[in-house]
Every structure is written in C-alpha cells, then in structure tokens.
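Residue numbers (UniProt numbering), protein chains in the order written: chain A, 1 to 239; chain B, 1 to 334.
Be careful, since some hints might not be right.
[What the hints assert, rightly or not] List time: in silico DSS-like cross-link candidates among lysine-lysine, alpha-carbon distance up to 27 Å: (1) A:LYS92 to B:LYS97; (2) A:LYS92 to B:LYS330; (3) B:LYS330 to A:LYS132.
It is worth saying that the hints were derived from the structure and are not from the lab.
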Amino acid sequence: MSSTTRPLIDARDVHGGYGGMNILNGVNMTLEADEVGVIVGPNGAGKSTMLKAAFGLLHINQGEILLNGQPIQNLPPNQLVQRGMGFVPQEKNVFPSLSVQENLEMGAFLKPQNVKRMLAQVYDFFPPLYEKRRQPAGELSGGQRQMVAMGRALMAEPSLLLLDEPTAGLSPLYMNEIFDRVKKINAAGVGILMVEQNAKQALAIADKGFVLAAGQNRFTDTGTALLANPDVAKSFLGG
Amino acid sequence: MNELVFFINNVVISGSVSGSIYAIGAVGVTLIFSIMRFAHFAHADMMTFGAFMVLLLTTAFPAAGASLGVPTAVLMLPLAMLLTAALAVGIDKIFYKPLRAHGVKSIVLVIGSLGVTLILQGLIRLFSGTGAQSLYVDDRKEIFRLALPFEGARAPIVVTEPQIYLFVITLVAVVALHLFLNRSRLGKAMRAMSDNPELAQASGINTHTIVAVTWIIAGALAAIAGTLLSLDVTFKPDLSFFLLLPIFAAAIVGGVGHPYGAVVGGFVVGFAETLAVFNWSVLLRPFRDSLPLWLELPSNLAFVGTEYKIVVPFFILVAILVWRPTGLFKGKVI
Numbered sequence: 001m002s003s004t005t006r007p008l009i010d011a012r013d014v015h016g017g018y019g020g021m022n023i024l025n026g027v028n029m030t031l032e033a034d035e036v037g038v039i040v041g042p043n044g045a046g047k048s049t050m051l052k053a054a055f056g057l058l059h060i061n062q063g064e065i066l067l068n069g070q071p072i073q074n075l076p077p078n079q080l081v082q083r084g085m086g087f088v089p090q091e092k093n094v095f096p097s098l099s100v101q102e103n104l105e106m107g108a109f110l111k112p113q114n115v116k117r118m119l120a121q122v123y124d125f126f127p128p129l130y131e132k133r134r135q136p137a138g139e140l141s142g143g144q145r146q147m148v149a150m151g152r153a154l155m156a157e158p159s160l161l162l163l164d165e166p167t168a169g170l171s172p173l174y175m176n177e178i179f180d181r182v183k184k185i186n187a188a189g190v191g192i193l194m195v196e197q198n199a200k201q202a203l204a205i206a207d208k209g210f211v212l213a214a215g216q217n218r219f220t221d222t223g224t225a226l227l228a229n230p231d232v233a234k235s236f237l238g239g
Numbered sequence: 001m002n003e004l005v006f007f008i009n010n011v012v013i014s015g016s017v018s019g020s021i022y023a024i025g026a027v028g029v030t031l032i033f034s035i036m037r038f039a040h041f042a043h044a045d046m047m048t049f050g051a052f053m054v055l056l057l058t059t060a061f062p063a064a065g066a067s068l069g070v071p072t073a074v075l076m077l078p079l080a081m082l083l084t085a086a087l088a089v090g091i092d093k094i095f096y097k098p099l100r101a102h103g104v105k106s107i108v109l110v111i112g113s114l115g116v117t118l119i120l121q122g123l124i125r126l127f128s129g130t131g132a133q134s135l136y137v138d139d140r141k142e143i144f145r146l147a148l149p150f151e152g153a154r155a156p157i158v159v160t161e162p163q164i165y166l167f168v169i170t171l172v173a174v175v176a177l178h179l180f181l182n183r184s185r186l187g188k189a190m191r192a193m194s195d196n197p198e199l200a201q202a203s204g205i206n207t208h209t210i211v212a213v214t215w216i217i218a219g220a221l222a223a224i225a226g227t228l229l230s231l232d233v234t235f236k237p238d239l240s241f242f243l244l245l246p247i248f249a250a251a252i253v254g255g256v257g258h259p260y261g262a263v264v265g266g267f268v269v270g271f272a273e274t275l276a277v278f279n280w281s282v283l284l285r286p287f288r289d290s291l292p293l294w295l296e297l298p299s300n301l302a303f304v305g306t307e308y309k310i311v312v313p314f315f316i317l318v319a320i321l322v323w324r325p326t327g328l329f330k331g332k333v334i
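Extracted from the complex, chain A is given alone in its bound form (with noise of 0.2 Å):
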C-alpha cells in the first residue's frame, strides 16, 4: 500500500441520472485506503444510484469521480475491474446456474493468473463456500448468495469495493456475520463503500457515514459522530 495522500475514491459534486432526469444533485464522497464508507439515506436518495454511477453503470452529466487520483467518471466497468474497482449489486448478483467456484472464477476474469491463490483466500474469508464449491451458486441461501457474491468481487482483488445493500433481505443472523465479513475484507487491506439500510448497525463499522438525502449529501462524517448527532438520530436513524 503506497502512502500518498491521494484519497483512495474522491467524488465531487457528481450529479447525474437516467435519461435526461437527474438522481444525483451534487454528491460529495471521500474516502482514504483503508476506510470503511456508509451511505444511508431515505429510500429514493439516491444510495445506489451513487454506487451505480461510481461503477460506470449510470451517465454522470456534472461533476468528476477520481480513483487514486485518476478521473474515472463513464468509463465502462470492465475497464473499473482492471482499475481495482468491485461492484456487488443488491439483486441478480450471482450467475445461478454455475457453480459457487465457477461464480468464483468469473471475478478474476481478467486475471486468470490469481485464480489460484485468490479462491484459497476467499475460502478463507468464506469457509461455508469451500463446502459448496461444486453445487450451482443458483441453490443457496440468500446469505450464501451475498458471500458468493462478494467473494466474486474479491476474486479481481480490488483496491475498492463496493457493496449495494449487502445485507438486503437477510436473517439477523446472517446480517452480523455479513458486517463480520466486511470487516475482516477491509482489514485486509480492501477499502469500502456499502449502502446500507441497517443504518445503526452499518455506521457503527462505518470509519465515514454519508447521509444522502434526494440526491445531496445532508451529513458527512465519522461513523461514530453521525451515530452521535441527535439530528442525524432523529430524521433518518429512527429516533
């Protein structure tokens, strides 16, 4: 890991949408190598959106995202993935009829010399997958899926990842040992960006929150200050 001060993803004022109809209003985002971000928000902010534009997946019309200091905004994602960026999407984030090591292998597509090495660690992040390697990633439990899912990003070794609700629909089970993980991958050196709907919960790992609301960002700072500001508490933590 080099020490420059280049933030690891630096998004600035980035507005942008779908056909003509801005989502995003102008979204600040840093985030150093290493650190863990949170978005929360109210449905509609524009959470995913802003992973979704980070990824390529949507037009930015205004505004500049860096990664490691190098602009990044439309490019194509295929051409992320080799910049070290990994994106998990909420749904459809598995290919159902391969199999979990199939699933697995995709993720270093463009790097089928780590194959090897990377499914070793990602067995290691993941044991339950090891266990399943061979049946197709289409029979497990949502959970399962995430883990397949996340372990696929991880496959292209990223220096970011990021994750779209990760914990969406899961047991509160699963969700701890999904935020177990997250913290065990960014302490292996991968930074994060999640969206979360489990904002206490997500902010508590969060080393920066952002509160995104219609399209803005209405608070930034460290996990631990959001979940400490009476304001933040009462619009959108719940009380």
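Chain A is already provided as a structure; the job is to place chain B on it using the hints.
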C-alpha cells in the same frame, strides 16, 4: 426377424441421422439465443452455406481425399467450418451488431435475421444453381451391409459411409462443446453471460469477445450439420427450408438456452419424424394370423406420409409451446 431389421434401418438409423443433424443445428440456435437473446432464423442458411463451401472446395480439389483414404468432402469440412465461422462473425458485424448498439428489441433482430436468410439463400443459389448436387464429386459412397447372425435374417442392416462419419463427428462435436463450456475460461464466461449479462460485464468479462466466440462456434457447428446432411443426401440451395423448423423445434423442445437440451431435443424431433412416417404395418405383419378375422391389416400404417414429414416438427413445436413452453429442461421462453 426381417421386420426388426426393417425397423432398425428405417427408424433407428435414419432417426439417429436426422437427430444428429438437428441436434448440432439446434445447439447453435440455442447458444446464439442464450448470448444475444434472439431467435436467429438465418441459422439454417448458415448450414447451407457451410455445405456449399464444402461443395466448392471438393469441386476444386476432387482428388484431395483419395490419398488419405477419406472422402474429399470430409477432408474439406474443417476449412468450411472456418469459412462459415468467418461468415457468421461478418454477418454479426454488418447486420446484428449495429442493431444491438441501438438497443433494439429482439424482434427487430429476428426480422433482421429473416433478411439475412434471403440474402444468403439468394447468394448461394446465384453461384450453385438451383439443382441438387452430390458432395461425392470424385469418391464413391461406400455402403456397409451388416448381416445379422440369426436364423432367417435375410435382410442386412444398411449403413452408409457418410452416416458413419456423421455419428462420429456428432459425438466429437458434442463432447468438444461440453469440454469447452465446462472446462475453459471462455466457455464458463459464455455460460456466465447467458445467466446474467450485466453481472458478467461487472466481473470484467468482455462481452464483445463472448459474442464473437458464440458466432464462431455456432458457425462452425452449422457448417458441420449442413455438410453432414448434404453428404447423406445431396446439396441443395434450399436445404434450409427443411432444416429451419426442425432445428427450432429441437431447440425449444430442449429448453432454449440449454445446449444439452438442444442435443436431446434434436434427437426427439429426429426420432419423432422417423417414427411418424414409419410403416407400422410391417411390424404387425408377423402377428397377422393371430389377429381377429374382422381386422384386416392395411398395407400402410404410417401416421403421416413421407411427403408430409415436415408437419411432425411443426406439430411438436405447437404442442410444446402450448403445454410446456420452457421445454424439457426449463429453458427461456423465446
């Protein structure tokens, strides 16, 4: 005993022959659908094109195979596969890729492929003439007669040389495709893209490469199927008319998007055809004496006449679309 031989010759062998050809054609249709999500109607004409390339090459070098002891047409098949794969990639570049880039609905691509059908068929007809031509230009079609070692079995089982090549090449093609899809990095990426194209892209898979690979495989397989059919009978520029319906029926029976389903579907349609035109009266003849007197055995007891064979895949197609539109292996709905 002779009735059994008759059954083997007319159902088992000829069902396997058409089954193999439909299977290889249907695999191409199903692969194209699973990657590009449209029914490629020009597929049967790519088959004709492959056979026509073999015909051209064989006419140009009629004696090439003799020194190696194989029919020249079989020797020329790999070259024809390359040419047809190149044609498929070229057609995609010129016709389908611009349509996809505009984000059109899949029906637009389907209609586009009908246009490609007409172009290809016209071009082939322009150069080949309208008549039937044998791919055995300078070679002799060997016919093998296997006499059964039973008392009273007078009629032999008849297999021709091209039919043997057909069974062997079909087997090799299916095994090779299986290994490609399950063992190779590109093959797995193809299955991944078929499952979830957005996620494939998000994984860094270059979808343009996968599309090109799909056309190469589909083109090469089309050349095999067209050539094997023309070897068994003859080459005709309107071969595709008799292939289009059965291969789509086979792909849908197997479940669109399932390569193995397409293979099974091909054989289902092939055997259904031969069983429907088979004269069942022949098998009942030995029991004629034990039948009641009022029941007279007609001389022909086929479900449909040979000349109406094409209604069989049509019937299967309608039946499967009504009762099980996802096909035997739960594919996508076309």
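- [ ] Below or equal to 27 Å on CA atoms is what counts here, so check LYS330 of chain B against LYS132 of chain A.
- [x] 23 Å, holds
Keeping to a limit of 27 Å between CA atoms, is the pair of LYS92 of chain A and LYS330 of chain B held or broken? Distance of about 19 Å is within 27 Å: holds.
- Sort out whether LYS97 of chain B lies within 27 Å of LYS92 of chain A, counting only the CA atoms. Holds - the C-alpha atoms of LYS97 of chain B and LYS92 of chain A are around 26 Å apart, at most 27 Å.
Every hint, counting from the list given before, is met by this structure.
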